[in-house]
Amino acid sequence: MKLKEIKNQLMEVHLNYSSRNSKLILEVLGQLKQRAVEQKDQDSAKEIWCLEQILEVQDTYLDAYKALKSGEYYNGWRSLERTDIEYTFLFRHFKEHDNKYWIEFINKHTTQYQSLFPYKAFVSPEYLKKEVKCSICDQVINIRNHCGHRVGEIYNGEMCTRLITKVKLLGGSIVTSPLQKYSVCFPTDPKTGQRVDHYNYSYVKFVIDRLQSPFDNWDIHWTKKRHPHSRYSHIGRNDKCPCESGRKYKDCCLPKSGVLRPHCQIEFSVKPPEGLSMFEYTD
Amino acid sequence: MKHESYENVFEVEETQESFSDWLNKPYISSKLRKQLVNANLLIVPLEGVQENVGPVFPNCTEELCLFLKENATADLVPEICIEDQDFTELVMHWDLFTVGSIIVKCIVAPFAVNLIYDYLKDRLGPRASKTHVKLELTVVQEDGKAAHMLYEGPSKELRKTLLPAIENLSKK
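Line by line, the protein sequences are chains U and B. Quick note on our numbering: the first sequence kicks off at 108 and runs consecutively. Quick note on our numbering: the second sequence kicks off at 106 and runs consecutively.
Where hints are given, some of them may not hold.
[As the list claims (entries may be wrong)] Pairs of lysine to aspartate or glutamate, EDC-like flavour, derived with a Cα cap of 16 Å:
no.	chain 1	residue 1	chain 2	residue 2
1	U	Lys275	B	Asp191
2	U	Lys237	B	Asp191
3	B	Lys250	B	Glu152
4	U	Lys237	B	Asp189
5	U	Lys273	B	Asp191
Just so you know, the hints here were simulated from the structure itself, not pulled from any lab data.
I would like the entire structure built from these sequences, with the hints used as guidance.
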């Protein structure tokens, strides 16, 4: 397999995603990169790193799609977070923003999928970095006698990162806007000790059920709309308003034509499978 | 997942803070003090984060420090107010990007703000437009008067918020 063929495979991911051999592509890229490094050809080594990264972005996005299709929503969420992180690594080095590798498409849809999830609480640690090493030269980072390798830059076809080798944990918190979004809060069943997934994934399910390919385009628009009072007949006049304003129902939305709730409008560019409704009410 | 939106904050207050306050901290040796005295921009630590935790810097200060040193012209002399062996970064749990606390002489402050803005663009990449940042900047004038500026808001608004405030300060 030659570099040109690999580029073609990456460009045609929307056609070959279910049959391509990512492991083989990665292996060949690794060999080509090694050769470039041996020849001290830093530009080629960096270009190959970009291709490896494009493959990673595409594969993690496909993993997310597969997981969501099979109803494994949390796994899908984790893959989306990975896709987002890998895209961030690639962004500063990737000059071809014409979407020929579907990268911009993936980035846009990753954000859209994330916006559909119900997660609001995350566990997040707070810690001190007591010893940090450079991933390129393995030197302990010293603020004045710096090794000179910049985080995020590519050296010999590898991205420079920091390896935290010693930490002091100060605490953990439950937060709504975490640094990383993997650590979603789930309750545990006290009898079995197993995680209980109590979240309502109806928005995610609505979209994923109507897609036939991970590369079908769809758009989302978040607005607010008044929903009929009949859907809130179980709410008392003196209860808190279901619009979550904090005011009493009778003093807030009850006198109005409906309850003001977030409204999600989704547009599909490919017709969804027959038999699926185009509307869904959720709370 | 709906992201909580941070509130935008921009406050300017007079302060007694000075370069010598930082140079005379007990954790700065006389040898380092001689080096820091030439600086007109100091990245300064957070103190009293927790009991038994010394001065610390926000996550990514290493990158900020390197960026400022690599990109400063001869007029700007950036330094960090800590001994090498005491440099420690604190990783917080929220996604607000804390640039840190900086004390800078008024004459070079506009250049420093432009550099910090460039650093954020480089560091945050595709997230630059949607990331909220926090910066505490103390600007010291020639007569020793100083203003403490607290900025919490979108990274893309940082420059156009801080530069006019610094210009106003110079006029006074």
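Now for the hints, and whether the structure bears them out:
Taking the CA atoms of U/Lys275 and B/Asp191, the gap is near 14 Å; set against the 16 Å cutoff, the hint holds. Only pairs whose Cα atoms come within 16 Å are accepted, and U/Lys237 paired with B/Asp191 is accepted, the gap being roughly 9 Å. Restraint check for B/Lys250 and B/Glu152: the C-alpha separation of about 23 Å exceeds 16 Å, so the hint is violated. With a C-alpha separation of about 12 Å, the suggested pair U/Lys237 and B/Asp189 falls inside the 16 Å cut-off, and the hint holds.
Restraint check for U/Lys273 and B/Asp191: satisfied, since their Cα atoms lie roughly 14 Å apart, inside the 16 Å limit.
Going through the hint list in order, the structure does not satisfy hint 3, though it satisfies all others.
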